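Student: With the sequences and hints as input, model every part of the structure.
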Amino acid sequence: MSNLYAKISQRPMKRNEEQIFSVFPYHNIEMFNVLAPFHQNSGAAAAGTGGATAPGNQNGPTGGGRGGVENMQVTQPCSAPSSPTITSPGALSATSFCLPTGANGSNTSSGGSSVITSTTATDTADPNWQATKSTVRERNAAMFNNDLMADIRFIVGTDEQVQTIPAHKYVLATGSSVFYAMFYGGLAENKQEIKVPDVEPNAFLTLLKYLYCDEIHLEADNVLATLYVAKKYIVPHLARACVNYLETSLTAKNACLLLSQSRLFEEPELMQRCWEVIDAQAEMAIKSEGFVDIDLKTFETILARETLNCKEIHLFEAALSWAHAACTKIDIEPTSNNKRQVLGQALYLVRIPTMSLEEFANRVAQLGILTNQETIDIFLNFTAKNKPKLTFPIKSRAGLKTQVCHRFASCAYRSNQWRYRGRCDSIQFSVDKRIFIVGFGLYGSSTGAADYDVKIELKRLGRVLAENSTKFFSDGSSNTFHVFFETPIQIEPECFYTASVVLDGTELSFFGQEGMSEVCVGTVTFQFQCSSESTNGTGVQGGQIPELIFYGPMGVSNQNAGLPGSSSSNTINNNKPNASSNSGTTGSSSNSCSTLNNISVYSNGNGDNGPNVLSGNGLGTVALLNNESD
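Residue numbers for the sequence shown, in full-length UniProt numbering: 1 to 630.
In short, the hints are calculated from the structure, not lab data. In this text, all values refer to a predicted model and were calculated from it rather than measured experimentally. Check each hint, because a few of them may be wrong.
[Stated by the list, open to error] Using 27 Å as the maximum straight-line C-alpha spacing, the simulated DSS-like pairs for lysine-lysine come out as follows:
(1) K311 / K387
(2) K311 / K385
(3) K287 / K311
(4) K395 / K385
(5) K297 / K395
(6) K433 / K459
(7) K433 / K401
(8) K169 / K191
(9) K297 / K311
(10) K471 / K311
(11) K471 / K459
(12) K297 / K287
[Unchecked claim] If you anchor each label on the Cβ, the simulated ranges turn out as follows:
(13) T383 / T535: 49 to 59 Å
(14) S134 / V171: 17 to 27 Å
(15) L390 / I332: 26 to 36 Å
(16) G537 / R463: 45 to 55 Å
(17) L461 / T158: 25 to 35 Å
(18) H324 / Q345: 17 to 27 Å
(19) E486 / T383: 26 to 36 Å
(20) K195 / Q341: 32 to 42 Å
(21) R363 / T158: 37 to 47 Å
(22) T335 / Y184: 25 to 35 Å
Glycine is no exception: its CB is placed at the ideal position from the N, C-alpha and C atoms.
Tutor: Have a look at this one:
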């Protein structure tokens, strides 16, 4: 589709803003002013004729609760298990969104995608057409986009894509307080045609289809435009369906663009989902094509984010890309001086002093973005004993704190009990909330120090989502050893994934026992089941892959607050701290080790006890400093 963000950002205003908002004061003006880049005229609002809001609902445009839309048909496009992508800057293509599939691989959506363009005049061509419609819904559906008895027409879209759409005031007024105010309120105007230049025709037809038929047809290329029109005319259930669609379609490729839109549409829960993805997969998110199209305020908010899991040099590069695009939009040469000009104070949100000296000297200092004095001061900050005062933040970002799911109550070893022979150890798991897998914890040699070659892999429905091959050293203790993927992998709820590992080295190893099929970590519940790919004996009750390392929602679940009373229990709750604190260079210790803690704190390599920022290859040495629960 065309660049939807740019379209919405430049919608014309039909009426004077002050006139509209004096009549309908509770409608947020940002609703009509999609946050265009800061250099554009902020007065280019998007109300349009017929876009006024009716008074009365003090709960905001969305209204109601967060529950699902009941008693209606929701038609959404079929999805593939592959991750969606954005094909052009700011554009949301048909591959930008997909819906999760169930554990058996079946799609959760119903029906296929549909473009609403045809009229229903043929349904009423028969003079006795009413006799063929047995329900009110069927009769209303026959009137959708039909000139028969139409008492209002909408001229929808711009000159490039304009469409005349017939409608019936009664149907519209019963479904929208805005339409009621337009047609029957104190300021009603007796017009036969109403121009709506700020709405795409297909999105307007989607709105009417819902009002006439209780059916919602959503596609990747119309969902944002439909959300806009649903908010504009205060149709909360349609807006909720759009938000649900966006939440299930959220990935690092579109998270920044959707964050910008969720701010506009005042959808805090969608904003929170976007932040979860951006925090965990920051490098992928800021390198996405849609990042350069976000508005200035969203751009600054991302740069100021404390929990981004990303190297600072990557944020600096992303800021330059955004500045280059901003220069292009206002038709100026993207020189270093002009980039610095459009960045303004946002540049001081990049924590340049926390980069390595090599990154700063070989890249940042040579681009001409910083002034000579800023460059000198930062070099002195790296090397001088008496450091100058800087305008850039000098404290590293906290990043995200990793959490660990321990699926065994204890580990043990017995002679000839467990061997590595280059075979595959696998386990299947699912979660009830979206998380991001960082890596696995593995057992090492039970016969002394040894080196291992290891390959870890994560699959869904047979498709490899991520893999990594590396080496690790086992000191002969029962400690687990953490092996990481290059980037965190997004895990959708209620879908089964397969974690696999192949180790080659000293054969005899520690192994987990008293495994559980359900484990609670914070507010996330893991479900485990055996995998047919496991050829070395690993299963739910015992074996390898004792730990899943992940980013996810923090907090302690109220359910299963205590530890299981005996080994026959089916659930481990990782939220209760262990009685003793284990210390060592890696992993958890003791031969019959209890692994019931939920948070591991890692060194970030900067000399403090902050969390390790897993970026780049993520395979550096990670030391366990404290294995106590928060």
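Student: Each hint needs a verdict: does it hold in this structure or not?
Tutor: A quick look at each hint next to the structure:
For the hint linking K311 to K387, the alpha-carbon distance of about 23 Å falls within 27 Å, and the restraint holds. This hinted pair checks out: K311 and K385 have alpha carbons roughly 25 Å apart, not beyond 27 Å. Proximity of K287 to K311 is assessed by CA-CA distance (about 12 Å); at most 27 Å being required, the pair is judged to hold. Distance hint between K395 and K385 is fulfilled; the C-alpha atoms sit about 17 Å from each other, no more than 27 Å.
For the hint linking K297 to K395, the alpha-carbon distance of about 22 Å falls within 27 Å, and the restraint holds. The straight-line distance between the Cα atoms of K433 and K459 is roughly 18 Å, inside the 27 Å bound, and the hint therefore holds. Restraint check: the Cα-Cα separation between K433 and K401 comes to about 17 Å, which is no more than 27 Å; the hinted pair holds. Of the supplied pair hints, the one linking K169 and K191 holds, its CA atoms being roughly 11 Å apart against a limit of 27 Å.
With a CA separation close to 21 Å, the supplied pair K297 and K311 stays within the 27 Å bound. For a cut-off of 27 Å, the pair hint linking K471 to K311 stands: about 24 Å separates their Cα positions. Simply put, K471 and K459 have alpha-carbon atoms about 21 Å apart, close enough for the 27 Å limit, and the pair holds. A distance of roughly 18 Å separates the Cα atoms of K297 and K287; the hinted pair therefore holds under the 27 Å criterion.
Distance hint check for T383 and T535: the Cβ-Cβ separation is about 55 Å, which falls inside the suggested range of 49 to 59 Å. Checked against the hint of 17 to 27 Å, the pair S134 and V171 passes, with Cβ atoms roughly 19 Å apart. At roughly 29 Å, the beta-carbon separation of L390 and I332 lies within the given 26 to 36 Å, and the hint holds. Between G537 and R463 the beta carbon distance is about 25 Å. The supplied range of 45 to 55 Å is therefore violated.
A hinted range of 25 to 35 Å is violated for the C-beta pair L461 and T158, which are about 42 Å apart. Distance hint check for H324 and Q345: the Cβ-Cβ separation is about 18 Å, which falls inside the suggested range of 17 to 27 Å. Distance hint check: the CB atoms of E486 and T383 are about 32 Å apart, consistent with the given range 26 to 36 Å. Taking the beta carbon of each, K195 and Q341 are about 38 Å apart, inside 32 to 42 Å as hinted.
A beta carbon spacing of about 43 Å between R363 and T158 agrees with the range 37 to 47 Å that was offered as a hint. About 57 Å separates the C-beta atoms of T335 and Y184, a value inconsistent with the hinted range of 25 to 35 Å.
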